[in-house]
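Build the full structure now, drawing on both the sequences and the hints.
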Amino acid sequence: MAEPFLMRALLAGLGLAVVAAPLGCFVVWRRMAYYGEAVAQAGLIGIAVGLALSVNLTASVLAVTLAVSLLLVALSRQQLVPFDALLGLLAHAALAIGVIAASLARGPQLDLMAFLFGDIFAVSASDLRWIYLGGTLALGALIYLWRPLLSLCVHEDLAAAEGTPVERVKLVFVLVLALVVAMAIKIVGVLLTIAFLIMPAAAARPLSETPEQMALFAAIFGSLSVGLGLFLSVSFDTPGGPSIVVVLAFIFLAAIFPAVVRGQR
Amino acid sequence: MAAGSPQGVPARPTLAGHAPAETWGPDQHHAHCEPEPHPAFAPADALFSARSVWLTRAGRAILQSVDIDIAEGEILTLIGPNGAGKTTLVRVLLGLEKPDRGTVVHKPGLIVGYVPQRFAVDRAIPLTVARFIELGRRVEDEDAGRALADVGADKLADRQLSELSGGELQRVVLARALVGSPGVLVLDEPARGIDFTGEAELYALIGRLRSERGFGVLLVSHDLHVVMAQSDRVICLNRHVCCSGVPRSVAQHPEYARLFGAQVARALALYQHHHDHRHDLAGEPQTPSGSASDQT
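Quick mapping for you: the protein sequence lines, in order, are chains A and B. Reminder that position 228 of the first sequence reads as 228 in the working numbering, one-by-one numbering, no gaps. Remember, the working numbering sits 1000 above the position in the second sequence when you count from 1.
Simulated from the structure, these hints should not be mistaken for laboratory data. There may be inaccurate statements among the hints.
Listing some non-contacts, in silico: residues in chain B with all C-beta distances to chain A over 12 Å [to be verified]: (1) R1060; (2) R1101; (3) D1154; (4) D1276.
Derived lysine to any residue pairs resembling SDA-like cross-links, with alpha carbons at most 20 Å apart [what the hints assert, rightly or not]: (5) B:K1098 with B:L1110; (6) B:K1155 with B:G1167; (7) B:K1098 with B:S1065; (8) B:K1098 with B:G1083; (9) B:K1098 with A:R168; (10) B:K1107 with A:T164; (11) B:K1098 with A:L128; (12) B:K1107 with A:G163; (13) A:K170 with A:A33; (14) B:K1098 with B:D1122; (15) B:K1107 with B:G1180; (16) A:K170 with B:D1122; (17) B:K1098 with A:G163; (18) A:K170 with B:G1095; (19) B:K1098 with A:A33.
Among chain B residues calculated to face chain A with C-beta under 8 Å, some are [to be verified]: (20) G1109; (21) L1110; (22) V1112; (23) F1119; (24) A1124; (25) T1128; (26) R1131; (27) F1196.
Predicted model, so just to flag it, every value in this text is computed and none were measured. Ideal Cβ placement from N, Cα and C applies to all residues, glycine included.
In structure tokens:
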């Protein structure tokens, strides 16, 4: 059949697409796209740390994304600087620190592009294990938290008044997000990770009547874009991660088009 | 927020003899009304009890030594000008906000049905009405259907939440609060933005459900003077409890009945304020003894 590297790329992409679908829905519903972006860009610091210490990159990235998530939770307790400004600040500070740290760790010949946009064809068997282990954990947590998470997306105060442990659910959610972001960075890079999360969910919204349908359609669109993106990448020798994201962008445009024409609010 | 004018009260017909704007005015002194003596401990049948609740946010004292009890089966209407801390008090009672000082006690096992102020539907989440109701307390399917039927919204079950009109949405949120046999319903300004007819219908519905099921009701009203006729008690809050009493039925006043129609007039009542103190422009109470608190 196909080359082993291609099979690994496909398996990694499909595994990620299935986990990213429900998670991406919550990221969209909770308006956390830029939150995810900040966490993902901070992942570059994790890569630099991993290179400097010669440890498993996924592990070092995960450590940094978890740490940054908790830092953001702490920073959100103040209101003097709005949260979106804080996210913009942190995302780009992290990117700058990450680029400098990565070039110090590996010297100027470092292939920064592979970290910024991912290198899906370089996914190793060990990476695959990480993705499927972490993915199962993340998916399990999301299924377990589905109801309370959905309830607090719809109305946080109402959920809290009805007894949902809102703060605990939110904390677990940001940790799951950090986990999936850490896994996705290897495949689509720090700059495209959040696109891989929110684009399938956004494309699924116009077709969906229920939250579960939206997650399901997102999984289908994500998987479709992985297959088609990899095919295009191999056929036209284009970079893997960006090819997947371009396919997703076209799927989103096609899905949202009828609503735009109808002027549906 | 100046307490001198009833801000936020929508333009409503002012009737001779019941001029609402002046009743609240700082320069008017009514006969001293007996403040209800609050026992140091919550009465045994109280659903909610708050004692000496103080809350300060951003250097502004929002609640100052507030005592409040809601008895079983009682309809308690909470009124007060904008910025009086009504919503904050509700949030404290629901446990959504922690007071700086004071205690809030719920009757053990109390189930609270909550209708928050300004329920904004997030169009990003595809959600049917039935699903929205089931997201609250875990219920059997027929419970959700029954709750919708109770508020006359059973035809809406399969509609998307985002397609509902303001009035429909309000009924649906009320239906969610009714699920699971709550011991108390807490409604934060449910009549804001609807007309007198809608308000009267809503109050009649709440009153009927209370009679059938005997739950307590805490209703925050946006209007300082026109309240739900079935209120057993009205508490006027302006950071502290200003006064409390019973409303007078609007139906007794022929001019109201003429203006609103008998149906509406039956559901509404007038509340006469009896303040024994004034508020300065910062809203700080100035008690006759002159022990005004610090202005911030």
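Task: Violations among the numbered hints, reported as their numbers in ascending order - done: Of the numbered hints, 11, 14, 19, 20, 21 and 27 do not hold.
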